[in-house]
Each structure stands twice: as structure tokens, then as C-alpha cells.
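Given chain A, put chain B in place with the hints provided.
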Amino acid sequence: MNDFSKKESNMLDFQQLIEIVKALSNDLRIDEKTSPKAIIVPASALNKICQELYQNPSTYFDMLSCLTGIDNGVEVNTMEVVYNLYSIPFNHHVMLKVILLRENPEIDSISEIWRTANWHEREAFDMYGIKFIGHPDLRRILLPADWVGHPLKKDYVHEEYYRDVKVEY
Amino acid sequence: MPTDSIQYKFKANNLVDSEPNKLREDGLRAEEMIINLGPQHPSTHGVLRLEVLMDGEIIKEVVPHLGYLHRCFEKHAESVPYNQVIPYVDRMDYVASMNSEHAYAMGVERMLGIADQLPKRVEYIRVLVAELNRIASHFIAIGTYGMDIGAFTPFFWVMRDREHILRLLEWTCGARLLYNYIWIGGLYYDIPVGFEDRCEEFIKYIKPKLSELETVLIENEIFVQRTANVGVLPLDLAINYGVTGPMLRGSGLRFDLRKVDGYSVYPELDFNIPIGEGIKGTVGDCWDRVWVRMQEIHESTKIIEQCLEKLQKEHKRTKEFDPQALVPKKIRPQAQDFYVRAENPKGELGFFFRADGKSDIPFRCKARACSFSNLSVLPEISRGVLVADLIAIIGSIDVVMGEVDR
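If you're matching them up, the sequences are chains A and B in order. So in our numbering, spot 46 of the first sequence is number 46, and the numbers just go up one at a time. So in our numbering, spot 377 of the second sequence is number 377, and the numbers just go up one at a time.
In isolation and in its complexed conformation, chain B is listed as follows:
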């Protein structure tokens, strides 16, 4: 073998050395055992590894091991100019890239002080694509969750419907998942001619499908039996663990940054914030979290309809409209620390920037990932449950490991 070839040399201890177990085997009592779950297990939604201490079939302790999808987002962000960070932002939460881009672009624009000069049409298009992406993300969450529990059909249904969204978004920017569509100061392109009609068609198509999905999955008795009263997350615990998004709302707090912060054009739009009410069990159980996501899809369709109306009437497409008009040639914010946050499908996505005022490259760009904080509550709510319920709890958290590990 040539010595300079990249070749992984197997050593028996490699796996143990890189991610040693936290729990020790020598103190185990009779009937107790340590089981390793993941990282390559479909129900861990990517590459999450869980070290589980079990007494028979009862979970006594869960230790998550992260980092299997770590791609050095923050290190990369410190080496490229602000506008070139956007593709990396896409790759964090890869099922909701538009939302992440929106948060990031908003943060840099506020630092530059151009956030309130953006044309309304740009803002409405941003909200439109972000809400489309939110539906796609919630579809993934609900579909894969059904599959974790054992319902296979809904997964195909939501993937079929999500395909329409992906094609719409592909039409706007040429990419299906990682868009790089929302730029700092504008958009890559205006939405294509005829997009509004297709989008309206899609909304008309999706509405009956949503009630179908509700009947076959959410209201399904087997699904309710598996999720109601399972993994109850009390509100105070959720806040203490920094849990946000549908998980926090599932625990009964009407808290949504689209309303609280009222960024972009969300204050001009009419929508509700659904919260978990414990209809089938206790407030804050797995069923509530899924139900909140389902209701949010309904709310997102409402937002999309309103955006489309605005985009066809008040902020119509004109020949002069240039979505890149405000895109700065040189992005050099003044020296400052800046924290920006926005509501992603999974929760509060925050970016902490430090600009040094001397370069186009962020001195520090930290992503406060929603899945990261949401996942950290897992050991707390899965103590004392059955192993099958642990799978149900992981699914209801809706983690995307790309965002947890960044």
C-alpha cells in the first residue's frame, strides 16, 4: 500500500476512543444493561447516537452523543465573507433552508442598517418561500414521525405533497433543498412568471390533503395510543432547557417569534399561533407537539394565501423591480456584537455576530441552533419510559442532525 494514500487504518479501539461511553458498566445492578442506539439507525433521524441505560425495558438514563455530522459551520463562517456564508447556513437545517437564510440575511441587514429599506415585494416573497419551506419541514417531521411509530402510509403521502413544494422552490432558484435564494439585501431573482398561479393551485390542492392526513394519522386511534401522555414536557422545564418552536408551544405557551418580534412583514399578516391543549392526553405530550405542527401547516397556508394576494395586487411584478437592487457590493458592518433570532420550523434560530468593522468576514458567527437546544431536553423527559416510547419521544422532538452538529 502506498504510504501517502488516504486510507483508514482499522484499529479496534478507534470507536471507543473517539466517543467513549459516559456510563460505566462495572456499577450495573442485576437486570440493568447499557444499550447503544444509533448513530446509523433510521429512527434517530440522521446520525444521533444514544447511550441508553435500561432496566429491562424501562429507560433509566439516556446520554446523547453528538457530532457525527459536524461540518465546522462556525469555523467556515470565520473564513468567508458574509454573503458567502449563506450556502453554509442552508446546510444547517437542510429541510428548512429558506427559513435559515431568512434569519441570517435579516441579521446581516440589520447590522448594515438596511433592514427597513427593503422593498415590500422582497419581504413578501421571502415570507412566501419561507412559509412554503415551513410546510415542507413540518411534512417531514410528521411523516417520519408516523414512520417511527409504525404508520408507513402517511410518509408517502407527505413526501408526495412535499414534492410539489420542492418543485415550486426549484422553479424560483434552481435548487431543491439548498437554495441560496435569499441574499443579503434582496433576493437572487424575482419569482418566475406564473409562480403565483401555480402556488395558488398548490394551496387549493393541499387543503383537502391536510384533512386526509389528519384523519389517517393524527386522529388515528393507534397513533393516539402511542403518543398521548408520552414524553410529557412541562412548561417550566421546557423554558429552562431553552426549548422553542412547536415543542414549546406544544407545552402550552403561545410564544412565536413571528408574533413576538414581528419581523419582516409578519405583523401585516393574519395568522394564529396554535398551542398544545392536551386534547388527547396531557398538555405537552408527543401528540400535542405533532398536533401543533399540523395546525401550523394550516396557518402557513393562510399566510401563503395572503402573501400571494399582496404579490398580485399591491406589490405586483413590474419591469423595473430589481430584487438585487439593495444587495451591497461590499458587506462591511460597523464593529459590533449582534444577536438576531427568527422563528424556524423547529424553533428559535439565533445568530450571534461579532463584526470587527475592518473586514468583510465575520469575526465570530455563532449559530444558536433550535434542534440543539430542543434535543438537550431528551434525557430529562425520557427517564422511566419504555424503550418504544423513547423512539416516539425522539421523533416528536423533530431534530435535524445537520443543525444539531452544524
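One chain only, chain A, in its complex shape:
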């Protein structure tokens, strides 16, 4: 087995990574303030880009560490989905961001590529109402199925009663 602590030589440069993604979509923006560095990709190209990053032998992002939904609030009127990818053999990270409109946010599911995305996408759906197109089983995961609303939205106001029990305590 490899010793994973001693390998930096084969680490992929961020620039090279951008080149690989650029071949699939021109509409990229780079955000270097984040850690790890982020590529903002259009929602339409996400599935293609993920497939490439997963399969390309020089990137080989075999693990989806984290999938986060973010609501930027009513004024900005956007939502984001952030994917934190990690490659175990190369030990490199990348963050992919997709910006969606706040009304009716929809994005392709990537649970076919990384099956861990299945539950993470369900969570994002549960908390933000983001629809993942092509998800095999998009149900609420943490909240009860008859809960109304998506609580991590910035303008979320909870119902007054749940099952005749006052929610406000």
C-alpha cells in the first residue's frame, strides 16, 4: 500500500485542472479566495464536468467529500450548490460551485457518478428545496415528510402549528 503522507510530486496544478474543465465548458469563473480553490461552473455542464473529473486518469476525483446547498438570500436572489471533490491517489482537492436562481432551483443529479451524493442531495432538497433532476429517490431525509417549507432558506418562516403543537416554544 502507498504511504499517502509522502506524495506531492504528482499533484495536479490548479491551472491544469481549469484547462481540463475548460475543454467541456467555456462559461467558467474562478474563485481563488476559497479553500480549496473553486471553479464556478454552469448548471448545464455540471454532469459532464463531474463525469470527466471522475474518469480522467490525471484528475481522478474518486471521492465526493461534501455537497452543500447555500441560500444567498432574497436580495441576491441566488442559491448555490457546492461540491467538494477529493482525489485519494493524487491528494488534491477542488471545489465546484453552481449558482442557481432562487425561484425553482433545479440541477442535474450526480448520484450516478458518486453514489454518496444520493443522501447529500436529498439533504439539500430537504433544507433548500433544490430539485435534483434524475435523482433516483428524491424524498425528504431529515425532516418529516409532511413538514411544510425548507428551513435553511433565508426567508423561511415556520408554520405556527405542527400536529396541533405550537412550533414556537
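No wet-lab data here; the hints were simulated from the structure. Please note: incorrect hints may appear among the correct ones.
[Stated by the list, open to error] Using 20 Å as the maximum straight-line C-alpha spacing, the simulated DMTMM-like pairs for lysine to aspartate or glutamate come out as follows: (1) B:K120 - B:E196; (2) A:K37 - B:D356; (3) B:K11 - A:D146; (4) A:K37 - B:D261; (5) A:K153 - B:D356; (6) A:K33 - B:D356.
[Unchecked claim] Partial list, computed: chain B residues near chain A (C-beta under 8 Å): (7) G242; (8) Y339; (9) F352.
[Unchecked claim] If you anchor each label on the Cβ, the simulated ranges turn out as follows: (10) B:W171 - A:Y162: 40 to 46 Å; (11) A:V157 - B:G262: 41 to 47 Å; (12) B:D116 - A:E103: 40 to 46 Å.
Note that the Cβ used here is the ideal one computed from N, Cα and C, for glycine as well.
This is chain B only, laid out in the frame that chain A set:
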């Protein structure tokens, strides 16, 4: 009944409405049945509900239902300042709070840019308490797992030994489980006078107990029969499902963030990363996962010994040492997105932060819980096993529902 009293009104459909079954009964073949397991069942380790489609005694499909312990961690985190999130972080993985705190504090410190200014003594104390907590967490995992399988004695043994750890940690900060000990930029207190000696005593005490535990449980023929070749998790499947920690190492990959990322003072410490070798069965079976946890306890005792030595020699207690010296009065990171991860006893605990640069409150704080991802592989590895083996598989995943549901 007064109308304004909080009173749960029973309606026959309440349970069905809140968590409806995914599987349908009308398409069932002869001999097939849907069994509900949990949420209040001791072998589900908390409040995990499983909907199981069985053909006789063979599992055909498992559908986990989560959320029975959902306490809105992420919503809370968006409403309190960074330092006040720590008690909530404690309550995620409540058997390994120190490790979670360590990960969280590290993330905020890196965002603030003070991570490399921390005194070495603070770092060593952090690693010391985190490793003590790691042992306690693995004790719970192994003890309750033995109980799931039918071995009752080891559970009492590990609870007895875990008690010593809890008392040591209680001595440092006053709490037995939910510590709030590791602060952003430092610690609540220095470790108490005499802690090092007691800790050394504990390590001396625990070593023979570990081999006892290995003999009575891990090497036990009945235990081996119940766990070897059961719930085999192939490596590629594990990675694809985001499985980390002892489960991933049990599947044969030498991958530990303490080595890979080398955070805190782990690069200065000497320890090994045990992996599953399929000694009793196949690589990646339930036995391997438990065995990896057992070996990790040995490694943790090694780390603790080294920390104690450093804390008594190079980074000795001095009158001037103030563990809160670097604790910032105002925690306001620059606007950024930040992902931090650390090795918890159960796997990779990650925090995704978005700071807006204008307030002390995180704009978004997402916890990537290790148990959550680890549990998601359960339906995959429990297809076609017997119902008794399903219990063995759940136990070997070592979920803490507080972390799954957050």
C-alpha cells in the same frame, strides 16, 4: 382541556404521514414481507429506523429512515457567533466531542489565519484529549457491537474502562461528555496539575485490559463466526459512497487524515495506520472493521504516551502559560468559503463554512458528518444477508445517530 396547552393530539395516521414507507405492499410476492426495525430498538444504536423487505429470513432491500434525532445544527449555527457553535458541535457526535471540537476550532482558526501561531502546548493538549476521546469512542463501538452479537461481558468491561477516560476529561473541563473544552484559538483551561501522572497511570492500566478484551471478544470463535465474511464492503464501493474512517481502512486502504493532511501536531508523533487484512475472513468484512478499531486504540495509547512526554518535558506547564492567550475577542473571518476536515473516530468530519466578512455569525456552516456517509452504504452491503447479519452490519458501521441527523 385548555386549548393553549401543548398537547399531542393522537391521530392514527400521524406516524405514516411523517415517515411513509418507501416500499409498497401491493407488489409483494409470496413469502415476501416488509418488516419495520426501529427506531426504538437497541441494536439500531439510537433512533435509526429501517424498513426491511425480506424473503423469509433473507434481506432483499433495506431503506433507512433518518431524522428522528434532528436538532437543526446547521440552522442553529447560522444564528450564533462562531465560538458559540462549539457546544452544538459537541452534541453532534456525543461520544467523541473532543474530536469534533478539534475539527471545528481548527477550521475557524485557519479561516482567521491564526492556526499556525498556536502554542505547541495547546496543540499537544488538544491531541491528548482528542486521542483519549477516540479511545472512549472506540470502546463504545466495540462494546455495543459485542452486545449486538450477543456477548454481554465485554460491554461492561469497556464501560468500566471508559469511565476512567470520562473522569479524566471531566477533570479537565467539568463535563463528562459534552466538553466545550477546545476553544477557537486555545483551550478553556490548561490541564489540571497531576493530570499527566493520572493519565500515565491510566495508560499503564489500560494496556493489559486491551489484550484481555481482544482475547474475550475479538478472537472469540463465536464472535469470529458471526462477523467474518459478513457485510463485506469492497474498496471501490466504499470510496464511491464516501465511506471514511475505520470502515474505509477496514476495506484495506491505508488512508487516515491524521497522516494525509498532517494537521495539528500529528506529523511529530509516531503512530501506525492499521488496515483490514482479512485475517479471519475477507478484507472489508465486519470483523476487519472491529479489528481496525481495536488496533487504533493501541495506536492512540502510543500517541497519548508521546504527548504526555512532550507535555512534561519540552512543553512543560509554566506559570505564564495562558491557553486562552490567542482566543480572539471578536471572531470575524474575511469573506470566504472554507472546507476543513479532520479524522474523527468514525471517519472524516468536514465543516463547510461561508463567512460573509461582515458578521461574527457564519453565513453557512455545513457539517459533513462521517456517520451520515458511512450509513448510506448500508443498503448496498446488506442485500442478500440474513436478518441476524443485518444487525451485525449495522453495529460494525458504528453510527452515532446524533451525528447522522445533526
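Hints, verified against the model:
| no. | hint | verdict |
| --- | --- | --- |
| 1 | B:K120 - B:E196 | 16 Å, holds |
| 2 | A:K37 - B:D356 | 17 Å, holds |
| 3 | B:K11 - A:D146 | 14 Å, holds |
| 4 | A:K37 - B:D261 | 17 Å, holds |
| 5 | A:K153 - B:D356 | 16 Å, holds |
| 6 | A:K33 - B:D356 | 12 Å, holds |
| 7 | G242 | 3 Å, holds |
| 8 | Y339 | 5 Å, holds |
| 9 | F352 | 5 Å, holds |
| 10 | B:W171 - A:Y162: 40 to 46 Å | 42 Å, holds |
| 11 | A:V157 - B:G262: 41 to 47 Å | 45 Å, holds |
| 12 | B:D116 - A:E103: 40 to 46 Å | 44 Å, holds |
Hint violations for this structure: none, all hints satisfied.
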